[in-house]
Amino acid sequence: MPNLAIKNLLHDRLRSAMTVAGVAFAVTLVFIQTGLFLGLLDNASVTIDHLQADLWVTSRNTPNVDFAHGFPETHVQRVRSIHGVARADNLLIQFLNLSLPSGAEEGMLVYALEDFRRWGVPWRVVEGNLDDLRRGDYMMLDDSAERRHGPFAVGDYREVVGYRVKIIGRTREALSFTTTPIGFLDYDLAQRLANRMAGKTTYIVVRLEPGADAAAVKSEIARRLPYNDVYTRQEWARRSRSYWVASTGLGLNMYLTVFLGCLVGVVVVAQTLYTSTMEHLKEFGTVKAIGGSNADIYRILGLQAAISAVIGFALGGGAALALGPAMAGIGLKLIVPGTLAASVFVGTLTLCLASAFVSFRKVAGIDPALVFRA
Amino acid sequence: MPTAAARLLALPDAPPPPVLAARAVRKSFREGHVEIEVLRGVDLALARGEIVALEGPSGSGKTTLLSILGGILTPTSGSVAVDGEKIDATRPELLPEIRKRSFGFVFQQYNLFPALTALENVAYAAKIKGLARRRAREEAERLLVGVGLAGLLDRLPSDLSGGQKQRVAIARALAGDPPILLADEPTANLDTAAGRQVLQLFHALARRERRALLIVTHDPQVRPFVDRVARIRDGRLVDDLPEASS
Numbered sequence: 423m424p425n426l427a428i429k430n431l432l433h434d435r436l437r438s439a440m441t442v443a444g445v446a447f448a449v450t451l452v453f454i455q456t457g458l459f460l461g462l463l464d465n466a467s468v469t470i471d472h473l474q475a476d477l478w479v480t481s482r483n484t485p486n487v488d489f490a491h492g493f494p495e496t497h498v499q500r501v502r503s504i505h506g507v508a509r510a511d512n513l514l515i516q517f518l519n520l521s522l523p524s525g526a527e528e529g530m531l532v533y534a535l536e537d538f539r540r541w542g543v544p545w546r547v548v549e550g551n552l553d554d555l556r557r558g559d560y561m562m563l564d565d566s567a568e569r570r571h572g573p574f575a576v577g578d579y580r581e582v583v584g585y586r587v588k589i590i591g592r593t594r595e596a597l598s599f600t601t602t603p604i605g606f607l608d609y610d611l612a613q614r615l616a617n618r619m620a621g622k623t624t625y626i627v628v629r630l631e632p633g634a635d636a637a638a639v640k641s642e643i644a645r646r647l648p649y650n651d652v653y654t655r656q657e658w659a660r661r662s663r664s665y666w667v668a669s670t671g672l673g674l675n676m677y678l679t680v681f682l683g684c685l686v687g688v689v690v691v692a693q694t695l696y697t698s699t700m701e702h703l704k705e706f707g708t709v710k711a712i713g714g715s716n717a718d719i720y721r722i723l724g725l726q727a728a729i730s731a732v733i734g735f736a737l738g739g740g741a742a743l744a745l746g747p748a749m750a751g752i753g754l755k756l757i758v759p760g761t762l763a764a765s766v767f768v769g770t771l772t773l774c775l776a777s778a779f780v781s782f783r784k785v786a787g788i789d790p791a792l793v794f795r796a
Numbered sequence: 670m671p672t673a674a675a676r677l678l679a680l681p682d683a684p685p686p687p688v689l690a691a692r693a694v695r696k697s698f699r700e701g702h703v704e705i706e707v708l709r710g711v712d713l714a715l716a717r718g719e720i721v722a723l724e725g726p727s728g729s730g731k732t733t734l735l736s737i738l739g740g741i742l743t744p745t746s747g748s749v750a751v752d753g754e755k756i757d758a759t760r761p762e763l764l765p766e767i768r769k770r771s772f773g774f775v776f777q778q779y780n781l782f783p784a785l786t787a788l789e790n791v792a793y794a795a796k797i798k799g800l801a802r803r804r805a806r807e808e809a810e811r812l813l814v815g816v817g818l819a820g821l822l823d824r825l826p827s828d829l830s831g832g833q834k835q836r837v838a839i840a841r842a843l844a845g846d847p848p849i850l851l852a853d854e855p856t857a858n859l860d861t862a863a864g865r866q867v868l869q870l871f872h873a874l875a876r877r878e879r880r881a882l883l884i885v886t887h888d889p890q891v892r893p894f895v896d897r898v899a900r901i902r903d904g905r906l907v908d909d910l911p912e913a914s915s
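Line by line, the protein sequences give chains A and B.
Quick note on my numbering: the first sequence kicks off at 423 and runs consecutively.
Quick note on my numbering: the second sequence kicks off at 670 and runs consecutively.
To be clear, the hints were calculated from the coordinates, so they are not data collected in a lab.
Yeah, the Cβ is synthetic: ideal placement off N, Cα and C, and Gly gets one too.
Treat the hints with care, since some could be wrong.
As the list claims (entries may be wrong) - When the alpha-carbon atoms are kept at most 35 Å apart in a straight line, the in silico DSBU-like pairs for lysine-lysine are as follows:
id: 1; chain 1: A; residue 1: LYS588; chain 2: B; residue 2: LYS798
id: 2; chain 1: B; residue 1: LYS755; chain 2: B; residue 2: LYS798
id: 3; chain 1: B; residue 1: LYS755; chain 2: A; residue 2: LYS704
id: 4; chain 1: A; residue 1: LYS755; chain 2: A; residue 2: LYS622
id: 5; chain 1: A; residue 1: LYS784; chain 2: A; residue 2: LYS704
id: 6; chain 1: B; residue 1: LYS769; chain 2: B; residue 2: LYS755
id: 7; chain 1: A; residue 1: LYS429; chain 2: B; residue 2: LYS798
id: 8; chain 1: A; residue 1: LYS784; chain 2: B; residue 2: LYS769
id: 9; chain 1: A; residue 1: LYS704; chain 2: B; residue 2: LYS769
id: 10; chain 1: A; residue 1: LYS704; chain 2: B; residue 2: LYS798
id: 11; chain 1: A; residue 1: LYS622; chain 2: B; residue 2: LYS798
id: 12; chain 1: B; residue 1: LYS769; chain 2: B; residue 2: LYS798
id: 13; chain 1: A; residue 1: LYS755; chain 2: A; residue 2: LYS588
id: 14; chain 1: A; residue 1: LYS429; chain 2: A; residue 2: LYS622
id: 15; chain 1: B; residue 1: LYS769; chain 2: A; residue 2: LYS429
id: 16; chain 1: A; residue 1: LYS622; chain 2: A; residue 2: LYS588
id: 17; chain 1: A; residue 1: LYS784; chain 2: A; residue 2: LYS429
Claimed, not checked - Partial list, computed: chain B residues near chain A (C-beta under 8 Å):
id: 18; residue: PHE698
id: 19; residue: HIS702
id: 20; residue: ILE705
id: 21; residue: LEU742
id: 22; residue: ARG768
id: 23; residue: LYS769
id: 24; residue: PHE774
id: 25; residue: PHE776
id: 26; residue: ASN780
id: 27; residue: PRO783
id: 28; residue: LEU785
id: 29; residue: ALA794
id: 30; residue: ILE797
id: 31; residue: ASP853
Sequences are here, hints too, so could you generate the full structure?
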């Protein structure tokens, strides 16, 4: 049987192209906005995700990984003595000012550990040797710092809170939500540079022994350090991300744009399908006159909406993916996980079919007697 | 029980049973607060193989009567029976099935699907009428060849002449082998020669295949091809006479 839905789509090429373009635009908008949002959120927890710690001990009510405040570094001893803990170290994360060659001052987010290699951070070292950090007043700076700090090279010096520190390496992908560049320093050096942090740390990172009961260790740490909080890695990453979603209105912004994207898609599809239905009213009347039911016509409209959804999704998704590298070039991270792609596909299909309902209602009311009108 | 001899004797006088019968059909439409009565008690019957022309001035109720006879509209009162089955106003959901089974429509404007070829137009109707895909295609091909369009199966309606389009429409009306054909001004958009060819085709189909055919028309060249002419005026049938006496 000839497929009237497909034939009509091919027959009305311009209108079909407009419908597909509308869907593709909406899909691209949703992918870009959600992908950028996920990229930003990923920055909010990227160091937590890569640091090979099972548990994080923070000071009480620390809202996210960047906004840390200090507590006595000797607390780490209480953690190390707990059964099931394989390793526990202090981690100092602090905002420090850095003087640029231009004379300007910029912020830097310092990550300081005694032994970086043991904890798996930084995870992409593109120049320099991590072990050298312990051998002097050195730091490794992430490539992303060039955006705010200007060009730099291994061997350059920078003044960190007025103190000369040599850049001995470059890293990649170590990003913060606030876009403050991340630098890696030895723990002792960072403690010296950070004001009022002598004898203090901001986190204790904990690795469990294989087979250890994480919940039991976590509750024992909480018992021994009643003025601190303890999180699993997932909990801490989620808390850090949630802070930015809730406090910046970013989540609302994202939902609003996604909503607008969906609205654009629905309006375009509904409008073009409806116009198409109005133009084919006599044909649908003919289908009814020769014995077709409303369901036969719903199938035609539904299939047209579904085809528009599938092609629009493919084009919109392709456009979003193609824009990914361009966005990376300007320092924006676009993350499109499979679950997002699947959700957007289901959403696109659902919304396109929902758009067809406007036409369904029109079709249901078609008087087949209109076929006799000239 | 009548004897076999009596039945044989009775046959020549027994009128053929109507395949389509309208009894005291009335139809009113409401426009605002005003009720307009379009049909005011129409009786009309068609037997298999019979060709009837329905004539009348514009606004006389021809198209409304055609719609009611074809199961597109239901009468306000009165009844329509198709092959003895009553078209019931209280069960409009049955109308599509009755249309599918019993009627083939031919329209003044052809009403072909512009995106489908001649073959696909007919096959689509055949599929709607319940034929499987391959069977619908074979049936469509057979019908189009039957109406003289063997070489034009893959043409779009836009590539066909008016007469050819109307032949496609007739082939489409024949899909599913309905016993009744209803044609609304089938020659109105055709030149005299093409109109005549279409009427010859209709006549042959009705006679050869024993289909009842009702033609709503203003066209005087229809008359030689019909058995009866029914005239409608102001919603009433004023004449229903054999063609020779009309």
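| message | Hint PHE698 (chain B) vs chain A: min CB-CB distance below 8 Å? | response | 11 Å, violated
| Are the Cα atoms of LYS588 (chain A) and LYS798 (chain B) separated by 35 Å or less? | With Cα atoms ~85 Å apart, LYS588 (chain A) and LYS798 (chain B) exceed 35 Å; violated.
| said: Just to be careful: measuring from the Cβ of HIS702 (chain B) to every Cβ in chain A, is the smallest value less than 8 Å? | reply: Cβ of HIS702 (chain B) sits 21 Å from chain A, so the hint is violated.
| request: Please work out if LYS784 (chain A) and LYS704 (chain A) have their alpha carbons no farther apart than 35 Å. | output: 12 Å, holds
| query | Does LEU742 (chain B) pass the interface hint, meaning its C-beta sits closer than 8 Å to a C-beta of chain A? | reply | 6 Å, holds
| request: Assess, step by step, whether the Cα of LYS704 (chain A) is no farther than 35 Å from the Cα of LYS769 (chain B), and give holds or violated. | output: 18 Å, holds
| query | Hey, does the ASP853 (chain B) contact hint survive, CB to chain A under 8 Å? | reply | 5 Å, holds
| query | Does LYS755 (chain B) lie within 35 Å of LYS769 (chain B) when you go C-alpha to C-alpha? | reply | 15 Å, holds
| message | Hinted pair, alpha-carbon criterion (35 Å max): LYS429 (chain A), LYS798 (chain B). Please report holds or violated. | response | 20 Å, holds
| message | Tell me if the straight-line CA distance from LYS769 (chain B) to LYS429 (chain A) falls inside 35 Å. | response | It holds: about 23 Å lies between the C-alpha atoms, which stays within 35 Å.
| Are LYS784 (chain A) and LYS769 (chain B) close enough, with their CA atoms no more than 35 Å apart? | Holds: LYS784 (chain A) and LYS769 (chain B) sit about 22 Å apart, inside 35 Å.
| Proposed interface contact between ALA794 (chain B) and chain A, which counts if any beta carbon pair is under 8 Å | 5 Å, holds
Checked against the numbered hints given earlier, this structure breaks hints 1, 11, 14, 18, 19, 20; the rest are met.
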